[in-house]
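Novice: Below are the chains, spelled out letter by letter.
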Amino acid sequence: MPCGSVSAIMVATAQSDATLAQEATEVRPARSGVTMPRWLLTVLQAAPLALVLLLFLLLPMLVIVVVSFFDYDSVQIIPSFQFTNYADVLGSAVTWRTYLNTLRYTVIVWVVTAVLGFTVAYVLAFEIKSRTTQMVLFLICTVPFLTSNIIRMISWIPFLGREGLLNSTLIQLGLIHRPLEFLLFSDFAVVLAYTHLYALFMVTPIFNTMMRIDRRLLEAALDGGAGWWRTVFEVILPLSKSGIAIGSIFVVTMVMGDFITVRLMSGGQSASVGLMIANQISLLQYPAACANAVVLLAIVLMMIAAILRIVDIRKEL
Amino acid sequence: MAATLRRVILLSVLGLFIAFLYGPTLTILVLSFQGPDGGLTFPMNGFSFHWFRRLFETQAVGDFGGSIRRSFALATMVMATTVVVSLAAGMAFRRRFKGSGALFTLSVASLIIPSILVSLGVGLLFNELGLDPDWYSSAFGAQLTWTLPFGLLIMFAVFNRFNRAWEEAARDQGATPWQSFWHVVLPIIAPSVIGIALFGFTLSYDEFARTLLTAGSDNTLPLEIFGMTTSVTTPVLYALGTLTTVFSFAVILFTLVIVRVLAAKRA
Numbered sequence: 001m002p003c004g005s006v007s008a009i010m011v012a013t014a015q016s017d018a019t020l021a022q023e024a025t026e027v028r029p030a031r032s033g034v035t036m037p038r039w040l041l042t043v044l045q046a047a048p049l050a051l052v053l054l055l056f057l058l059l060p061m062l063v064i065v066v067v068s069f070f071d072y073d074s075v076q077i078i079p080s081f082q083f084t085n086y087a088d089v090l091g092s093a094v095t096w097r098t099y100l101n102t103l104r105y106t107v108i109v110w111v112v113t114a115v116l117g118f119t120v121a122y123v124l125a126f127e128i129k130s131r132t133t134q135m136v137l138f139l140i141c142t143v144p145f146l147t148s149n150i151i152r153m154i155s156w157i158p159f160l161g162r163e164g165l166l167n168s169t170l171i172q173l174g175l176i177h178r179p180l181e182f183l184l185f186s187d188f189a190v191v192l193a194y195t196h197l198y199a200l201f202m203v204t205p206i207f208n209t210m211m212r213i214d215r216r217l218l219e220a221a222l223d224g225g226a227g228w229w230r231t232v233f234e235v236i237l238p239l240s241k242s243g244i245a246i247g248s249i250f251v252v253t254m255v256m257g258d259f260i261t262v263r264l265m266s267g268g269q270s271a272s273v274g275l276m277i278a279n280q281i282s283l284l285q286y287p288a289a290c291a292n293a294v295v296l297l298a299i300v301l302m303m304i305a306a307i308l309r310i311v312d313i314r315k316e317l
Numbered sequence: 001m002a003a004t005l006r007r008v009i010l011l012s013v014l015g016l017f018i019a020f021l022y023g024p025t026l027t028i029l030v031l032s033f034q035g036p037d038g039g040l041t042f043p044m045n046g047f048s049f050h051w052f053r054r055l056f057e058t059q060a061v062g063d064f065g066g067s068i069r070r071s072f073a074l075a076t077m078v079m080a081t082t083v084v085v086s087l088a089a090g091m092a093f094r095r096r097f098k099g100s101g102a103l104f105t106l107s108v109a110s111l112i113i114p115s116i117l118v119s120l121g122v123g124l125l126f127n128e129l130g131l132d133p134d135w136y137s138s139a140f141g142a143q144l145t146w147t148l149p150f151g152l153l154i155m156f157a158v159f160n161r162f163n164r165a166w167e168e169a170a171r172d173q174g175a176t177p178w179q180s181f182w183h184v185v186l187p188i189i190a191p192s193v194i195g196i197a198l199f200g201f202t203l204s205y206d207e208f209a210r211t212l213l214t215a216g217s218d219n220t221l222p223l224e225i226f227g228m229t230t231s232v233t234t235p236v237l238y239a240l241g242t243l244t245t246v247f248s249f250a251v252i253l254f255t256l257v258i259v260r261v262l263a264a265k266r267a
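Chains as they are written, first to last, in my numbering: chain A, 1 to 317; chain B, 1 to 267.
To be clear, the hints were calculated from the coordinates, so they are not data collected in a lab.
Idealized CB from N, CA, C, for every residue including glycine.
Warning: the hint list may mix true and false statements.
A few chain B residues facing chain A, derived, Cβ under 10 angstroms [stated by the list, open to error]:
id : residue
1  : Leu26
2  : Met77
3  : Ser86
4  : Ala92
5  : Lys98
6  : Ile112
7  : Gly121
8  : Glu128
9  : Phe226
10 : Thr244
11 : Phe247
12 : Phe254
Turn these sequences into a full structure, and let the hints guide you.
Specialist: Here you go:
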């Protein structure tokens with residue numbers, strides 16, 4: 001979900017009413033001119049988007065599917081139609097382990113960001129009463145999303161490194177005697193970085209959904225004798241489902257397709273499907289990379305289909 | 001009592017989350033002023049601008065200045081295109097038209113398909129067509145598949161709340177469709193359009209995966225930074241991080257100021 005849009009829209013709607021009357025009277029009478037048929041106008045308006053997506057999305061995906069059936073040797077790719085690449089992908093134990101490892105990351109990060117995202121969105125939506133404070137805090141949460149991901153990953157080094165802040169603090173407190181080695185360049189670092197990068201993709205859609213919940217429902221629940229926990233779990237949580245689903249789609253697809261976070265934060269010690277594809281590309285094994293890409297895409301689409309089966313998000317769009 | 005305690009805990013969660021978001025960035029901001037003998041971690045070994053100076057000296061690898069210029073140009077192109085194309089498409093989607101469902105599905109698919117696949121596909125497509133990939137052609141197109149759907153979704157949110165009565169009023173007074181768009185619709189949605197511009201610019205400026213296989217022989221800034229992470233082990237890396245982050249913040253602040261000024265003018 002577009003994170004900045006909420007605040008932009010709020011500003012827009014706040015001012016629109018005051019503006020309009022004045023704006024409308026400024027419109028001059030129509031000059032005589034050529035008027036365009038409506039359908040032509042619509043075509044012209046939609047065509048640029050359609051063209052970009054056809055050329056840079058649909059066509060490239062078709063190329064990937066076609067090349068995944070090609071043959072290759074160490075210097076070139078050879079047009080052909082064979083299933084060797086798929087046999088290689090599906091028949092290799094290393095590939096299976098890589099896919100399972102990627103799924104493991106996805107599940108862990110999904111759970112962590114969902115719990116964190118729900119909590120933060122809840123606090124923003126229900127614990128902060130002032131509208132202005134709410135918007136300011138939401139903006140504060142949004143801003144890091146607009147800065148460089150790579151820099152945000154690098155910025156964990158002084159925290160997690162052998163001589164990093166965390167280790168030196170723990171040693172000073174006397175909790176440990178030797179620096180913990182597993183902090184940087186480990187699965188822990190990978191999951192931490194994912195959470196850092198993608199938590200916002202959960203917070204924003206859940207916050208959006210929560211802001212639309214009718215507050216009278218909460219009062220009714222509390223008046224009816226439901227405690228705070230029951231109100232949260234039996235009223236707010238079900239009503240936030242579509243937001244959670246949208247956030248989940250973002251987080252799942254981004255973690256499934258990621259390679260740079262795993263590369264940087266695991267120090268080359270862990271694998272992911274994206275990293276495997278990137279490695280195959282750097283070895284110029286394009287058909288193998290394409291077969292992998294098709295399998296990855298199929299899995300991602302199935303996961304999204306599963307999410308959409310459980311939760312209907314149409315009312316959010 | 002329990003309610004107060006709960007509130008304190010919940011507010012601390014938010015506070016910790018914000019600290020979690022900003023803490024690491026603040027750390028490298030401080031460490032980028034490390035003295036000339038300082039390392040990648042604390043303690044600070046003096047205070048200096050040494051690593052910023054080093055950043056602008058000729059690098060052993062790559063072309064740092066060139067990559068900034070290219071990223072800036074590319075981000076500007078992506079921003080302008082995203083604003084115009086998603087605004088136009090947003091207007092089109094206000095009516096049902098033939099293929100609107102398919103176009104919408106394609107836009108959503110564009111957000112969902114992993115970036116590395118778009119990168120690979122566009123790279124291969126250019127290869128098959130015998131074209132050289134370049135930041136202003138293939139990388140430009142690959143980035144648009146990410147920024148346009150975002151822009152479109154923002155337009156949807158805007159037009160869902162848009163009161164058509166204002167346009168009808170304009171038409172009743174004899175405005176042409178173009179006049180009613182330019183003098184009525186656009187001023188009302190201006191803050192959201194500026195939001196789309198901000199998104200287009202920053203998403204492009206920081207995009208890595210979609211540019212990786214499509215930028216051709218000249219690196220953009222994120223590609224250059226990624227190259228440095230594997231070869232540079234000095235606070236130069238942090239100096240670079242500080243500079244790009246400060247730049248991003250400046251862009252965001254600039255945008256907020258414009259939105260505020262627009263709002264004040266119309267109030």
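Novice: Please go over all the hints and tell whether each is borne out by the structure.
Specialist: Checked hints:
no.	hint	result
1	Leu26	9 angstroms, holds
2	Met77	13 angstroms, violated
3	Ser86	7 angstroms, holds
4	Ala92	4 angstroms, holds
5	Lys98	9 angstroms, holds
6	Ile112	5 angstroms, holds
7	Gly121	3 angstroms, holds
8	Glu128	6 angstroms, holds
9	Phe226	6 angstroms, holds
10	Thr244	5 angstroms, holds
11	Phe247	9 angstroms, holds
12	Phe254	12 angstroms, violated
Figure legend: structure checked against the earlier numbered hints; hints not met, in rising order: 2 and 12.
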